[in-house]
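2 protein chains.
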Amino acid sequence: RFHRKLQQFWGWILIAIIGVATGLTAFSVGLASTQLADLKYKLTVTTIHACDGCIAKPFFIILAFNVVFVLVSAFMVIFWEPAAGGSGIPQIKGYLNGIRVPNIVRAKTFLVKVVGVVLAISGGLIVGKAVTVAAPMVHSGAILAAGFIQGQPLSLGSVLGKRITKLNLGVWGRYRSDQFKRDFVAAGVAAGISASFGAPLGGLLFAIEDSASFWRQKLIWKICLCGSLSAFTLNFLLSGQRGHWGVLIQPGLIVFGNNNDFVNGGYAAWHFPFFIIVAVLGGVLGSMFVGMSVLLHKMRNRFIRTPVQKIMEVLLVVTITTVATYFMPIILKSCKDKKDLGPTASGIDYSHFTFYCPQGTYNQMATLFFASQESTMTDVLSQHRQFDTWELLSFLPFHLFLACITNGMSVPGGLFVPGLVGGEATIFDPSTTKAGAVMGRLLGEWISTIVSDVEPVVFAMLGAASVLAGIFRTPISLTAIIIEATHSERDTLALLTVTDIGLSLPVFFVVFISKWIGDFFDSGIYNSVYRVIRYPVLNWDPPSWSQWLEARHVMQDDVITMRTRESVKNIIRMLRDTTHNGFPVVRDDEKFVGIILRSQLTLLLTERAFVRDRDDVKNQKVVPLDKFREEYPRFPSIDDVTLSEEDIELSWMDLEPYINLHPYTVHSDTSFGRVFRLFRSMGLRHLCVVDEANHVVGIITRKDLAYLDRKQWDARRVRLNLSLESMQ
Amino acid sequence: RFHRKLQQFWGWILIAIIGVATGLTAFSVGLASTQLADLKYKLTVTTIHACDGCIAKPFFIILAFNVVFVLVSAFMVIFWEPAAGGSGIPQIKGYLNGIRVPNIVRAKTFLVKVVGVVLAISGGLIVGKAVTVAAPMVHSGAILAAGFIQGQPLSLGSVLGKRITKLNLGVWGRYRSDQFKRDFVAAGVAAGISASFGAPLGGLLFAIEDSASFWRQKLIWKICLCGSLSAFTLNFLLSGQRGHWGVLIQPGLIVFGNNNDFVNGGYAAWHFPFFIIVAVLGGVLGSMFVGMSVLLHKMRNRFIRTPVQKIMEVLLVVTITTVATYFMPIILKSCKDKKDLGPTASGIDYSHFTFYCPQGTYNQMATLFFASQESTMTDVLSQHRQFDTWELLSFLPFHLFLACITNGMSVPGGLFVPGLVGGEATIFDPSTTKAGAVMGRLLGEWISTIVSDVEPVVFAMLGAASVLAGIFRTPISLTAIIIEATHSERDTLALLTVTDIGLSLPVFFVVFISKWIGDFFDSGIYNSVYRVIRYPVLNWDPPSWSQWLEARHVMQDDVITMRTRESVKNIIRMLRDTTHNGFPVVRDDEKFVGIILRSQLTLLLTERAFVRDRDDVKNQKVVPLDKFREEYPRFPSIDDVTLSEEDIELSWMDLEPYINLHPYTVHSDTSFGRVFRLFRSMGLRHLCVVDEANHVVGIITRKDLAYLDRKQWDARRVRLNLSLESMQ
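Sequences listed follow chains A and B, in order.
When you line the first sequence up against the numbering used here, it's residues 1 to 728, in that order.
When you line the second sequence up against the numbering used here, it's residues 1 to 728, in that order.
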């Protein structure tokens, strides 16, 4: 009893550690990238000043900076750990859905991710120092969670790791299983979102709505605790770094805008028709982005395959981006008086960049193009900044073009996505969000000429939300995140930041319509990507056309079964000949008993848990449960099993003590909907199908449910002579 | 295909209607109770003035008012619809968990609830005009949801209802099932919370954390839409009533305090140790309240049984409460200068009641005792009000005493609970929340004498949160609701209300600790009540001691099965002899086929779907699926079946077309944990247990899982000679 209590308590402690560690990681990434960005900025300004407004020299300095940073980042991803590329969110989502994704929650991935993202942020141009952190943070949180739960955080060498594992097996042995690992990874995901936006509730809802597959009340609590602690840690450190130790003034890495700007204007009930326009446009724009991403992914898969090609692509994109963002503001120069600005933030002020404008003025286009993404966001969302329509209009297409070509490169980061998974935008992608904000602001400016009491900034915020919803189709967590990330600092020393929850209604309204519009065209970025890369992700509900299907239609009927007492020769043959992860075990009368896993069999073989005499099972070596836990998650492969010819030919293994007894089964006539729901809610990997005599007639795996082809089945249905009338 | 799309669309429309209707109900209840409370207040003030400060006359006027209102309310509950008594939340929670609760979502219950709650609010003294609305709103939302989904909202007479049903069966026939009804009721619950507090996210989380049992993404979206619309409707109407049509300034019925008060002070990281004190005290206080409630419930069950006793109890409590709240402020008179107050709200100002104090001053104790609950809450949470320690100290025990004796009476309302379910506090119970706020304020005042930068109001808010957490143990939804309900109106005409999300961290922190402390003593108010009233509510996880149990241990093995072709005589006998809701059907070789429901059998019997000749099944009358949907949810009982002796003796019924084919089954050796999780996640009502030959050997119902007695099983385990060592 006491042992169990201790284990439970240890679970909570682990959750707390994961939360704090995620907050620490977010702080480090933020700090490092800020330092590098400051360095680059100062160098540029100094050079422009020194050469008296020359263009070539500062440009090449920036170019060199960007190329070096981004190349190092790309090299790390391409040659060291490809799983660290991209945002990692689709992979983590897939992992939480129950798919095995190799290397996705390993320590090496974490290191490449963290270092690579800092370099990409500092070197990339379409990447803001903070906004991009969101997706990598989600991934980092997940990796940290998976690492800590195994009791060998960061895989501190296999020797040391094993020792720690053994030391702690008593306490956290219980957590060394796939199910618990998944729970902790879900908490890590929430912690990542929470740290990025200072949005613990948003993180929770993101995990609930979008990521996790099965729910228990305690999991919700754990997720919430983890998210709160990571937000707290980050807030504490950031505030301290700004000189206010102990006072919490900096809720997250990303701030969507200052909602003091909204208070005077806000919105009224009669603005809702205009909100619909924003929502529809955002939905269409988001959906276009999804389509373009899928297209780009397919092209990359075809043309950019070798490491050299990938490096060339990165080089090309960095150069184009640098050229475009540097020269556009010079060509489309728009100088404004600095005095017209409202109060500015402290520190280096990227957003009021003089950039070849006369002294005392700033280059508005440089603000849009060149400045860091999050300050641009804040500007577009600020009443104090006045934008001309032509400025916003000329920015939008360039920006979208750059965002599209940047997408899918082999660099880690929120924006960049590796060729492998490519074409997928990350949630909170700064470029799309910014495009949305600019679109909203444009609309708002236009509408405000018709209706006087409309606030363009509110429309800018709603525009950002609508484009995100058009891409990601997760209305509720988006609303929560946007609302939580819209902070207002009352003044620099204000002790609290205040969020405008009154805006949640229009945000929710707009986000929902955009999702609905987007659903006309496709099923959102993640599902589109999953279809292209063939991840067997299960949706929440079975497809509606599948009503007539039954278990026997979708199962694999060439099922390979084992006897409770099986010859080693057979076992090795089955393990070699198939890639199945689980095998149904039957008694000698063919009645189904349970399932045995590939990992169990390989470990039993390497441990030599077999006997010569079929009936001499009492002398078979007993492999205790702790041994399995200790090996988790890296079990020997069948190729690691080295047995003498004699052992293989003459030995028998009694599987009885290791069988996973009486798992869920379904009858072969069970409706597909029932099968699907059982599989989905229980997070199964394989489901045995039995007939009335309790003989195994088939096995259903995740792939059988995920890749249902409607056309094929509709055709088969005609062949089966099934008509609608015969069914209920 | 089109038909299905139309049905889906219709589902969303229904959700929208439920949301708007819940908002309208909340508005009506709020308006009516405000009018009645204003009337009472004016009468009291006028009488005090008229008789020049006499005490007896105004007291008796108030007493008469209260007695009449509360008595009418009690009469309605006791003699007309007992299910309308109390908050209704535990019953709705039980319903969502899968329990059949009679009359809980009927139209009559709704009417009694709405009228009764207005009267209770206006007549009761410990009830605020708005705070109490929360729980009834949850119940009302749930009833509205259940009504609309059946296509016969408010049961407009069975004749008219039937006609509407038939008209619409095509469109919403699909929704006439228990599962969909439960989904819609969950949305209604969220709408109720959302309208009460202006907290759509809080409503969603409440539904997720506390109420619903099984989750799908679409359900989350529906709940969120429903909650948003109900908050919007209420906000729109309330703002309009205040003269600002179209501008949304009044987010919910309940506002927890003005967070402008927090901004100057707020909190810092080093306040967290003090927060722990608040949390621990709140947890203990809340747990005490739970224990007291259970005790009171048991006493009521024993001594107050007849309607007359119940009426007498109501009379007594109303009188005591009136006496105490009227004379306490006179005895403990504490007159303060009105000038010291900050800006006051518009309208009648209950909280600055002169009440036997000199002109220009107000009676502080009257504020605490006599004023409406929500203005007291705001006062305790306001910096502008100064409270002396003795004032708060003398208030606390009196208030808790009154709250305790008031609890459990036969009146509908958030505070009052009927004798039947009695002893259960409602979430957001104003009296406990107020007690918590007062406790927090006391602590805060004391701590602020030690540490200078501490804000007593923040402690008051955290105190309220901690006591609530100590009672309800639902940390996340409580945090969300408290944060969303803590609005600040910047000025009367501010277009937006702003919420202080920075406070979510300490609130979450405190709430979590209080829950943890409370869990040492009991399992929270709902679970304690469920144990007393023996509701078979299933928790999220199986009890941890039940690891060794298997399906065969908990199943009922005296299972009654039917053949696919069964004699009418046997069917009627089985229906009469048992109260089972479902019967396993087996083939002639005893192999399990599926389940048939009691409701199906009774309908088939009344429809005379049987034949004389056992093999003449082709001539058996076919009862279409729509017929079952039409009858839902009021199927004929077995006593309604009137068949001639000959029909009964000689007829056969072919069940084949109506059997629920191949539902989930488990093997008799399946572990209890698996059985529990299957039952819980799939929301089952019965689960058939089969042996290896696929013969039915038992059936498991909800009660078998909910009422596991640890002691009995531990004893049996010893008998079974099972030792810990033999198990994993």
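Watch out, some of these pointers could steer you wrong.
[Said to hold, decoys possible] So, partial list: chain B residues that the calculated Cβ filter (under 7 Å) puts toward chain A:
#1 209
#2 228
#3 505
#4 586
#5 667
#6 669
#7 694
#8 695
None of these hints come from the bench; they were simulated from the model.
Glycine is no exception: its CB is placed at the ideal position from the N, C-alpha and C atoms.
Any of the earlier hints contradicted here, and which numbers?
4 and 8
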